[in-house]
Amino acid sequence: MAEVPSETTVREKPVEQVDAVVIRFAGDSGDGMQLTGTQFTNESAIAGNDIATLPDYPAEIRAPAGTLAGVSGFQVNFSQARVFTPGDRPDVLVVMNPAAFSVNIADLRDGGILVADSDAFTLSNIRKAGMDGDPLADASLTKRVRVFAVPLTRMTTDSIKDMGLPNKTMVRCKNFFALGLCSWMFNRPIEQTLTWIGAKFAKSPALVEANTRVFKAGWNFGETTEVFVHTYEVKPADIEPGTYTNMTGNRALALGLMAAASKAGKSMFFGSYPITPASDILHELAAHKNFDVTTFQAEDEIAAVCAAIGASFGGALGVTASSGPGIALKGEAIGLAVMTELPLVIVNVQRGGPSTGLPTKTEQADLMQALYGRNGESPLAIVAPATPVECFDMAFEAVHVALKYMVPVMILSDGYLANGAQPWKIPDYDELPDISVRYWKGDLGFHPYLRNEDTLARPWVIPGTPGFEHRIGGLEKDYDSGDISYDPVNHERMTRVRAEKIERVNEDLDPPRVEGSELGELLMVGWGSTYGALAQATEELNAEGLATGHLHLRWLNPLPVEELKRIFARYKTIVVPELNMGQLVRILRERLLVDAIPVSRVQGQPFKVGELKARVKAIVEEGR
Amino acid sequence: MSGEQAKLSRKDFVSDQDVRWCPGCGDYAILAQVQRVMPELNIPRENIVFVSGIGCSSRFPYYMNTYGFHSIHGRATAIASGLKLSRPELSVWVVTGDGDGLSIGGNHLIHLLRRNLDINILLFNNEIYGLTKGQYSPTSRIGLITKSSPLGVADHPFDTVSLALGADATFVARTVDTETRHLQEMLRRAVAHKGTSFIEILQNCPIFNDGAFEDVSGKGSRIQNQLVLEHGQPLLFGSEDARMGVALGKDMSPQVVSMDSTPEEEVLLHDETNEALGFFLSRLERPEFPVPLGVIRAMDRPIYEKEVAAQAERALSDMGQPDFNKLFTGGDTWTVE
Ligand SMILES: Cc1ncc(C[n+]2csc(CCOP(=O)(O)OP(=O)(O)O)c2C)c(N)n1
Ligand code: SF4
Ligand SMILES: [Mg+2]
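As they're listed, the protein sequences go chains A and B. Those letters in the first sequence? Residues 2 to 625, per the working numbering, in order. Those letters in the second sequence? Residues 2 to 338, per the working numbering, in order.
Next up, chain B with everything else stripped away, as it sits in the complex (with noise of 0.2 angstroms):
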């Protein structure tokens, strides 16, 4: 049993389950990172649910020692949203792909980041179906040759961080699989945050889609990649002998800028409350432009559990206790003798 939460270690969160991921999938860097990060929320174990969906990623809540559902394809969302909702004092996270969650999910998942209950999810965004074995995924890119695309890819992706801020989350980050305290981080920052926290996480699946994020996560090349973001700290990235900014252009259009030839002040700062900048950069296009990691927002609203609870209460003191007989009796009503 748990109770004593302080001295749960990691591996109080390993279950008996053999872990079936291919060798080398990017999801055992993020269980693993998960696993780690758990004991240090003080949440009792007990009280932690994983939700998943289906696809490769979706197998996570059983390799967690913590309740469980894995569900249907698309669905862990609409699931998650009923139990955070019945049982508001959960830590609720859903774990789902990108195909999980923004194709078939993609209806529940703009909503849950709408009504913003307090809930974790993470992503696994490998651009690839891995589970049913390699067809193209809404985030795949263009010309991507899969099963299902022999000549290209056709269909314009998503961009799994603009969808969530169109969808008015109020958390939303991205991360690495590869980037182990990165990853750690934005989880902490996830859990502080109360309201939806929405984290992608770039997966690599090196069975389908080996390499996808080789700009971000390779050794020679994320450096110049990584746009590491940090709230009110400038938008600086690459190595320190080649220091670069982005900064907006004056036709109000990003631009990437040599710090040797520009002053600090020319390049923006970060600033997570900020909705216009956290849309901004979601649209910074690779390869001209680095992939922003980090915490693009994070703002409060009011969150929907507590919200739903305070009119069920609002309901107790205006209309009282439950009364049945009183309930039955309450239209128009007339006696047989």
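Excised from the complex, chain A in its bound form (with noise of 0.2 angstroms):
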């Protein structure tokens, strides 16, 4: 965005243009500024902005009111380019109180707007943040930034104030003032969030009275007072034609895998426990019992993906969804479905660890859990989404793998791709693929191991099927008869048969895809969320001369090693960024003997690309 002007008086209100806006809503946790947030996002799609998002709320769902711990933000990137990230620094930051100043002024690129609602700094509220003194007039905020201190509550209040709602009431619409005003500011077309603030509010026909005078209040303020001199225009994004949506990365896995299910002609079995950030695909599912989707709330993990593991012998498509914690539960039930070739897809949305550790942050140090968090030679086939409408493709490819090959299939999602929103191009429902399967004729005999020469998948009979009663289970079982085996030999041939089926995953899989220079200094090599600080990076780096290359892996296992080294070849320096201390790249350091270098984050938040591009080149520096 442009350096803001410092002309002040202007009687008319001009429209500046910009290529780009960062914007950022911060508020206590009751201030409603995912709302806000989520609602200035759908604006911005309808203007045509291409646009990232970032949701940043706390742990606790209300942390005492006004204090640091309380704080929640939503960002949104909306551009008329392409959009990677939702930008490292906010060009504009709307704070409802000092808690929400605090936390995340620092952030403020110099020469960004500042929008507080001065109501909020009372000198209570301000210690509460841990400050002294009204941080609005501070001379060195003001020397950097644009201060709009506007008296956010007390116009909302007054806007209403003739309907006599209570106070508590009034107040809690301010964000609709913040929205309005920003809307004004933006020059954001308006008529879709009124439309759904009467849908939002349908029960309480007062609220929709007050939630949408107050929006207009906003947006008139802006208009009509002194102390904006123009509005902003951000133009429509050159986007590829179609009709789309905003999806998040939560919304687009449900969707994926009740459309893949569907295009398999199976039922679909979703057995999962509650737990953040995953507890929205089981919302989402639940909502569609219509589409041949069980959802079963479990009592913990285990159950959960035992149930999912019991519809999949049943004939179902048995899913499950975590995080890293109740990962670590279904950790023997997996093995399970390894060991029965039973397929499965199990979900993690990855969060901070270990432990309980940050539930609502994002991170990716679930890698190596996901193959090797179980007993024995345990091999999964993994899939990482790199965006969050990527969630809904590899959902669907995920579940393909799974019934083609009789398999688990673990798809690692996180925080960031499960609430990061983006605009989703609706696919038509008819031109997805049919991938049903058939696993075997019936002519050949019958064992329950008895396997399919291209895929080695065994054959899915399932209970109701006459004459091929059978029994299947977690011991191991002799590779001719599907009867229980001790034997030594079998035991080593089954293991590598269990290994082979995930190799061969491989030869349904699209070549890996650099994206950037095809050859020269640098490949950097990401994996899941990090997909979007990894592109932006690669475009900067390549525009300031620096021959940059990006490979984004989406199959994590098997991993097409052969051509991988291909790529790697054609480059001087391998750097792989990840969040968690270096988890792909030691498995790229394994199986290829490169000397790939690590680039490490583990602060619950994505890449910022500034800091990425400086260590990256710190490294290329060091190599020359």
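Do not take every clue at face value.
[To be verified] 27 angstroms max Cα-Cα, derived BS3-like pairs, lysine-lysine:
#1 A/Lys573 <-> A/Lys618
#2 B/Lys307 <-> A/Lys290
#3 A/Lys573 <-> A/Lys609
#4 A/Lys217 <-> A/Lys162
#5 B/Lys327 <-> A/Lys204
#6 A/Lys169 <-> A/Lys236
#7 B/Lys327 <-> A/Lys201
#8 B/Lys134 <-> B/Lys148
#9 A/Lys201 <-> A/Lys426
#10 B/Lys148 <-> A/Lys290
#11 A/Lys264 <-> B/Lys327
#12 A/Lys14 <-> A/Lys144
#13 B/Lys134 <-> A/Lys426
#14 A/Lys201 <-> A/Lys290
#15 A/Lys609 <-> A/Lys236
#16 A/Lys201 <-> A/Lys264
#17 A/Lys204 <-> A/Lys162
#18 A/Lys566 <-> A/Lys614
#19 A/Lys169 <-> A/Lys144
#20 A/Lys14 <-> A/Lys217
#21 B/Lys327 <-> A/Lys290
It is worth saying that the hints were derived from the structure and are not from the lab.
Dock chain to chain to rebuild the complex, using the hints, since each chain is given by itself in its own frame.
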């Protein structure tokens, strides 16, 4: 965004064109900042911008009001160009109280805009936020950024005081004032917001009226007062034609699983135990019981995965979802699915760990757990979507692989993908591929481990099929009969077959694709939610003259080792940025014998593009 | 192939696997009774599934020529729940042990009982961990010397029936491995019951806990120690010439009375639908009191998988046939030309 001009008194309000804006709404967790941010995002999407969002909310549902611990934020980056990340530093920061100010002000870029609810900056609130003296009046602040101290609470209540609502209810509308003001400031289309307010508060006509009036008051405040001198406009982005909707990773995952089950001709059984940040998948699926989806809120994660395995044994597509701590509990049962060669999809929406860790923050530290977190030689197919909307496609692929190869597949999402939203080009369901699988023709005799030659899948003959009664279980089975076997040579053979099934998945996968420079100085290899930061950094590094490639792996097991070797050979330096202490990098070093260098960040936050660039440049420098 | 179910016999339910329990193990008798009762049930063999956890008892599915799933320790109840929910038409059986079902799998067991899926649970209680060679279990009695309790068990045991009743089970019965007919009768009753049926089968492990149930199964002692329950009948036990009854004392505590000196009206009548009575019976402690055998509770409550199916039906009628394109475009959308 361009520097904010310094002229002060202009009557008519000119529109300034900017390429992209990063705006962050921050307030108390009771202030409705997630709602405000989400709705502002919707307006921006309708305006045709490309967008990326980052909700950031505290683990406590309601930490004491006004405290630093209770601050909740929502950041959105909207642009006329392609957007990869929610942006490192906001251009505009809206704060509803001193605590939100205190937590976020350092991020606001120099020359940026601060909008603050001056009514909330009382002495006691300022003290609660650990400051003394009104920070808005501080000269070092006003020199660095443009401060708009707006009596937001008072203007909110003024605009609806004739309605006879209790004061508390009136004050709670103030986020709509902020939304109205920002919608004006950035020339956002507002019709949809007005409709949305009507629908959201349909149960209470008084709230519909109050919020509508407050929203318009915010808009009018911008329009009529002399506080703001002009508005900004971000032109629509050049986006592939189609119909779009805003999509979060969790919702995309749920829809992808449902669509895939349907395209495979299977009922879906979803067993889950609530855990942040995975619960929304359960909520989403529970709302679609008319789609042949059964959701089962189990007594714990072990029961959730076991019930899913039971359903798969019965012929349904068993799915379970959790986050790291829950996945740890599921480990033994996932091993059972490996051993019994049943299809199963396990979703891990990763969060900061170990233990309870940072429940609402993002991290990529469960890759080793996914690969090795079970007893015995227990290979899993593992896929990691790179963006929120890709969660749909990867869920679809995961289901296909699970059914085709009769294997459990783990989807590694994370908190950032789960809650982050992105415009999703809505696919036509009828054009999605048919992924139904025929296992076995029935003319070759039968035993439960008789394998398909191509996929090595065993036949999925389900209870209710007359004449094929059989038993499966966690004990090792004989390759040739499916009976229990403790034979040493047979065990090794079966172990190799279980691994080989996963390797064969490679044949179905798209070859790895490099973005940016096809060869050169630097290759950044990533996986999962860091895609945006790596893509942005790659673009900028190339523009700065450093020939940089970006390879983002979707499937982490199996790995296309030979192809990777060929790609890696085209670059001088290989770095592997990850939100962990270096997990993929170890796998690559081991599997490819390359001197790949880790770039780690474990702060519960995605990479910041600026920081990432600085770190990889330093590595390249050192190598020269 | 099966299909003509009427013609099935015991042999049709015997699998080709060698049975590997120790000689004299009570599990043999239970297997035999289950295989005997199965043909009478008129359930197509392909629709029967045995699910088990881990333990000697949990080997059971391999010996039944039905569908079967020998899973992991403690989780059979959870696996069976998912199976039954997605395939309500199947006849689903869980075979578990006192360790499998009450220790590592205790959580899943109580939740299955409270949800009331139409599943039959057979819990083989030998008051010991058989497969791991003789450690004490959550039903082992205080003081029992085992490999892991050389000075005697200090942990207070569960009473299996009390636990099931406490978890709001809708059908709870107890029987003994050696009581062939009674065991068969309990199996029939379990199948007839709509909802989760829970049968505790007292099972002798001659290797690690021999004679644990000598009082109820021994030739000389069984008559004095078995309180065989029948719905609507008085709580009587003992031999013909020394008939005893169970009555309610003035302080509401159970009393053993001699029928020589007590009018029959003073003896309690069994009522499978009386929850308080069921609990009262489950608290009768040996050796002062006989061991209640039979159906302790049988009552109706909505069946979970039916409720779940009804919700799906309702969703279909409220929201219509699945339409993915409508679902995808259901939120706010915008079109880029
Ligand atoms: C996760 C796990 N922990 C421990 C074991 C070892 N183990 C197998 S069976 C068993 C106890 C079995 O006792 P019970 O359920 O009473 O069965 P029984 O052998 O007496 O029939 C134990 C501890 C295991 N298989 N898996
Ligand atoms: S150890 Fe005991 S329970 Fe296990 S098979 Fe032998 S006798 Fe039966
Ligand atoms: Mg036992």
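Against the structure, the hints come out as follows:
{"no.": "1", "hint": "A/Lys573 <-> A/Lys618", "verdict": "holds, 13 angstroms"}
{"no.": "2", "hint": "B/Lys307 <-> A/Lys290", "verdict": "holds, 14 angstroms"}
{"no.": "3", "hint": "A/Lys573 <-> A/Lys609", "verdict": "holds, 24 angstroms"}
{"no.": "4", "hint": "A/Lys217 <-> A/Lys162", "verdict": "holds, 15 angstroms"}
{"no.": "5", "hint": "B/Lys327 <-> A/Lys204", "verdict": "holds, 25 angstroms"}
{"no.": "6", "hint": "A/Lys169 <-> A/Lys236", "verdict": "violated, 39 angstroms"}
{"no.": "7", "hint": "B/Lys327 <-> A/Lys201", "verdict": "holds, 20 angstroms"}
{"no.": "8", "hint": "B/Lys134 <-> B/Lys148", "verdict": "holds, 8 angstroms"}
{"no.": "9", "hint": "A/Lys201 <-> A/Lys426", "verdict": "holds, 25 angstroms"}
{"no.": "10", "hint": "B/Lys148 <-> A/Lys290", "verdict": "violated, 51 angstroms"}
{"no.": "11", "hint": "A/Lys264 <-> B/Lys327", "verdict": "holds, 16 angstroms"}
{"no.": "12", "hint": "A/Lys14 <-> A/Lys144", "verdict": "holds, 24 angstroms"}
{"no.": "13", "hint": "B/Lys134 <-> A/Lys426", "verdict": "violated, 60 angstroms"}
{"no.": "14", "hint": "A/Lys201 <-> A/Lys290", "verdict": "holds, 23 angstroms"}
{"no.": "15", "hint": "A/Lys609 <-> A/Lys236", "verdict": "holds, 25 angstroms"}
{"no.": "16", "hint": "A/Lys201 <-> A/Lys264", "verdict": "violated, 33 angstroms"}
{"no.": "17", "hint": "A/Lys204 <-> A/Lys162", "verdict": "holds, 21 angstroms"}
{"no.": "18", "hint": "A/Lys566 <-> A/Lys614", "verdict": "holds, 24 angstroms"}
{"no.": "19", "hint": "A/Lys169 <-> A/Lys144", "verdict": "violated, 35 angstroms"}
{"no.": "20", "hint": "A/Lys14 <-> A/Lys217", "verdict": "holds, 18 angstroms"}
{"no.": "21", "hint": "B/Lys327 <-> A/Lys290", "verdict": "holds, 15 angstroms"}
The structure fails hints 6, 10, 13, 16 and 19 (numbered hints given earlier, in ascending order).
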